[in-house]
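Chains A and B are the protein sequences, given in the same order.
Okay, so the first sequence: first residue is 2 according to our numbering, each after it adds one.
Okay, so the second sequence: first residue is 618 according to our numbering, each after it adds one.
None of these hints come from the bench; they were simulated from the model.
Using N, Cα and C, we set each Cβ at its ideal position, and we do this for glycine too.
Among the hints, erroneous ones may be present.
[To be verified] Simulated crosslink set (SDA-like; lysine to any residue; CA at most 25 Å straight-line):
#: 1; chain 1: B; residue 1: Lys851; chain 2: A; residue 2: Gly251
#: 2; chain 1: A; residue 1: Lys146; chain 2: B; residue 2: Gln643
#: 3; chain 1: B; residue 1: Lys646; chain 2: A; residue 2: Ala228
#: 4; chain 1: B; residue 1: Lys811; chain 2: A; residue 2: Asn253
#: 5; chain 1: B; residue 1: Lys646; chain 2: B; residue 2: Glu761
#: 6; chain 1: B; residue 1: Lys644; chain 2: A; residue 2: Gly231
#: 7; chain 1: B; residue 1: Lys872; chain 2: A; residue 2: Ala358
[What the hints assert, rightly or not] Reference excerpt, derived from the structure (chain B facing chain A, CB under 8 Å, subset only):
#: 8; residue: Gln681
#: 9; residue: Ala682
#: 10; residue: Gly704
#: 11; residue: Pro705
#: 12; residue: Leu706
#: 13; residue: Gly840
#: 14; residue: Arg843
#: 15; residue: Asp847
#: 16; residue: Leu869
[Unchecked claim] Only part of the chain A face toward chain B is listed, based on derived beta-carbon distances under 7 Å:
#: 17; residue: His24
#: 18; residue: His177
#: 19; residue: Ser214
#: 20; residue: Val216
#: 21; residue: Leu220
#: 22; residue: Gly251
#: 23; residue: Ser259
#: 24; residue: Asn261
#: 25; residue: Thr265
#: 26; residue: Arg271
#: 27; residue: Gln277
#: 28; residue: Thr280
#: 29; residue: Gly355
#: 30; residue: Pro380
#: 31; residue: Asn402
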Amino acid sequence: MADHPSKNPRQPMPEQPPEERIHNFNEVPYGYALEQAMAEASRCLRCKKPRCILGCPVEVDIPGFVAQVQEGRFHKAAQKVMETNLLPAVCGRVCPQETQCEIVCVLAKKGDPVAIGRLERFVGDWEREHGDSTLPDLAPPTGKKVAVVGSGPGGLTCAADLAKMGHAVTVFEALHELGGVLVYGIPEFRLPKHILKVEVDRLRQLGVNLMTSTVIGKLDTIEDLMAEEGFDAVFIATGAGLPVFMGIPGENLLGVYSANEFLTRSNLMRAYDPRQGDTPIAHGKRVMVIGGGNVAMDSARTALRLGADHVILSYRRSRDEMPARLEEIHHAEDEGIDFELLTCPIEFRGDENGRLASAIVQKMELGEPDSSGRRRPVPIEGSEYEEPLDVAVVAVGAGANPLISSTTPDLEINKRGYIVADPSTGATSKRGVFAGGDIVTGSATVIEAMGAGRKAAAAIDRYLADGVWPPPPPEKPAEDGEDQG
Amino acid sequence: MNEIVSKEEIAPATFRYVINHPKIAQKRKAGQFVIVRTHEGGERVPLTIVDSDVSNGTVTLIFQAVGHSTKEMAQLGVGDRLLDLAGPLGKPTHIRDYGTACVIGGGYGTAPVLPIAQALRDAGNDLIGIIGARTRDLLILETELGGICSRLEVATDDGSYGHKGFVTDVLRGLLDDKTKVDFVLAVGPSPMMKAVSELTREREIPTMVSLNPIMIDGTGMCGGCRVEVDGVTKFACVDGPEFDAHLVNFDLLMKRQGTYRAEERAADDVESHCKIAD
Chain A
2 MADHPSKNPR QPMPEQPPEE RIHNFNEVPY GYALEQAMAE ASRCLRCKKP RCILGCPVEV
62 DIPGFVAQVQ EGRFHKAAQK VMETNLLPAV CGRVCPQETQ CEIVCVLAKK GDPVAIGRLE
122 RFVGDWEREH GDSTLPDLAP PTGKKVAVVG SGPGGLTCAA DLAKMGHAVT VFEALHELGG
182 VLVYGIPEFR LPKHILKVEV DRLRQLGVNL MTSTVIGKLD TIEDLMAEEG FDAVFIATGA
242 GLPVFMGIPG ENLLGVYSAN EFLTRSNLMR AYDPRQGDTP IAHGKRVMVI GGGNVAMDSA
302 RTALRLGADH VILSYRRSRD EMPARLEEIH HAEDEGIDFE LLTCPIEFRG DENGRLASAI
362 VQKMELGEPD SSGRRRPVPI EGSEYEEPLD VAVVAVGAGA NPLISSTTPD LEINKRGYIV
422 ADPSTGATSK RGVFAGGDIV TGSATVIEAM GAGRKAAAAI DRYLADGVWP PPPPEKPAED
482 GEDQG
Chain B
618 MNEIVSKEEI APATFRYVIN HPKIAQKRKA GQFVIVRTHE GGERVPLTIV DSDVSNGTVT
678 LIFQAVGHST KEMAQLGVGD RLLDLAGPLG KPTHIRDYGT ACVIGGGYGT APVLPIAQAL
738 RDAGNDLIGI IGARTRDLLI LETELGGICS RLEVATDDGS YGHKGFVTDV LRGLLDDKTK
798 VDFVLAVGPS PMMKAVSELT REREIPTMVS LNPIMIDGTG MCGGCRVEVD GVTKFACVDG
858 PEFDAHLVNF DLLMKRQGTY RAEERAADDV ESHCKIAD
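Modelling step: build the complete structure from the supplied sequences, incorporating the hints.
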């Protein structure tokens, strides 16, 4: 048994100091050292009925891998994680553990939960640097072909599971690089590209056929994949690939970006480093990012690293309502991002060349809670002020990209354009076609998309075996038991 | 796939590449484009599909080596492969029999005109072609368009060939002569498309233009290519690239096309310095 929590505190994460890191794109947290990881793992109480596993959308055997870390058997720990999750170094970095596995950790009742995310990251990193890359066993070939559309976290997870089940899987990616939002959206300082690449390459080793620069909905439709290319089932995991603008005057001025464009230029096209990429990006001195989610934090911190003197983050509600992870908010604040809370730009103004010159910003106050349960921001009349700017990044959310839905007439979509799919199986209105991740739920998290990919893979496997459509939901897991403290 | 099977310099610094990609060759329709990348770290460059050959499994692209990325592309030769070729992207041209269609190409913008002209002719239109360039050497696709247009007019800014002046001058002349024109398609530099549009608006002739704003992914994901059409923001990559010319905000388009002019100049400076150093 471990010591009392207070005698064995949560290991802090060493990280690059803010004054240094704002000048580079290197990763901010350094990761645990070996001894730190083992010490942190020793805090786990090994609950008989661990709630942390249920908190994880892909149900990683958390106590199982943590126990191996405590014993210093890091390769075994990695194998344990990779039974359910082929992307441990990615998930250890980008998952919101504080609202998933860690929030239900029994230690969280009295103090700090086990740092599950940091341990997962440690294990993923250790395996990449020292492991023998042993891969899970594959079932014998089933002779069935499955197409996965989109190589983001949902698509990759579904593809890996299906490959392990013995199906022949092809992943189609529209962009030139694999990873979806992990490569175009999440910046280098949060998820270094070389780490992603190693984990994505594991799919290749599982025998998954990975096709980049292949735009489904254009080159082939979903129907073509099934009728012409002989795929027995299709999983659509195309993400929330449609930028949302605010619809205010001046949004088409030069220097106003969607977060998707700003981050895609910097990340996918490597504009952050002219030695690596030819694609330009505006290096604003006074930058405003609009929004309060993780994408807004990523945009603000990217702008800072691109050389901005002053980065304002304008959010129309208060700090308590910000949807970003607490850790990201802290990182942004530590780096000197200027939070202008309870504000919202209502107009962008330009110079005679059509370049952004300023924003007219209105102050807000919180009113009654809205349908999301958060207090509704209400404009304060007469509170407008002008903020001089040369770059603005609109990070107020993303919508459903219509490339696939518009070319698949028998695919049911909801009024916001998202694909209608059974949450327990991913089955859509079209026989043999499944969907999951942001294209079904709207903007959510990496791990939730992975969870959807996992559920869909299981349902696809059942459908390919018995041909029953729609596939019935999986059998209910055993009743939740009380955890032991 | 992606192998260059033929390369031809059809005008100074203007190249025609025939590239092996059977699937795009089979699926593409007139008016659609591809996105090309030549090397790691390279830009994504949108190029109109000028032609395709389904039996040989090839697509034809024409580009002018004017910027950093297109100059890189011009370095490739027969047998080399493009690193990436994604498409077909954008909406196909809405083709129907208008009667007499006037197809207008300015400079290297003549390349996107060719496939649309072919489709219009195949749909039964009688074609009048007007093509122009700064000078005779830069004129492209005269033979190809001459073969499908019942009448082809040529204009050069310097008068070195055909009419001296702009393609719009030729168009105005035709219209003043009461030539029957039921539909106009114009592709070229934005000021040219704007001028054509103003001319045909007065005379109420339906006119389409193919726009070429700055673009990255080409799938509607980033919104960098947004253009204003009838006061509404559209994405050229998925809603276009063709739009009703009379509804396009050309002034905004031209400004947005210049977003990175300073960066491009800086890159050119670095390049010329490198060459001096060589």
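Using 8 Å as the Cβ threshold, decide whether alanine 682 of chain B counts as touching chain A. The hint is violated - alanine 682 of chain B has no Cβ within 8 Å of chain A, the shortest such distance being about 14 Å.
Tell me if the interface restraint on valine 216 of chain A is satisfied: Cβ within less than 7 Å of some Cβ in chain B. Holds. Min distance 6 Å.
Answer holds if the nearest beta-carbon of chain B is closer than 7 Å to that of glycine 355 of chain A; otherwise answer violated. Given a least distance of 4 Å, the restraint on glycine 355 of chain A holds.
Is the interface hint satisfied for aspartate 847 of chain B? The criterion is a beta-carbon contact with chain A at less than 8 Å. This interface hint is violated because 14 Å lies over the 8 Å limit.
Given pair status - glutamate 761 of chain B, lysine 646 of chain B, alpha carbons within 25 Å: holds, 18 Å
Does glutamine 643 of chain B sit within 25 Å of lysine 146 of chain A, going by the straight-line distance between their CA atoms? holds, 23 Å
Lysine 644 of chain B and glycine 231 of chain A: Cα distance at most 25 Å? Judged against 25 Å, a Cα distance of about 17 Å means the pair holds.
Identify whether the interface hint at serine 214 of chain A stands, where standing means a beta carbon of chain B within less than 7 Å of its own. holds, 4 Å
Hint status (Cβ of arginine 271 of chain A to nearest Cβ of chain B, threshold 7 Å): holds, 6 Å
Under 7 Å is the threshold here; is the Cβ of histidine 177 of chain A close enough to any Cβ of chain B for the hint to stand? holds, 4 Å
With a cut-off of 7 Å on the beta carbons, see whether glutamine 277 of chain A makes it to chain B. holds, 5 Å
Taking the least C-beta to C-beta distance, is glycine 251 of chain A closer than 7 Å to chain B? Violated: closest Cβ of chain B sits about 11 Å from glycine 251 of chain A, beyond 7 Å.
Going down the numbered hints, you'll see the structure goes against 8, 9, 15, 17, 22, 30, while the others check out.
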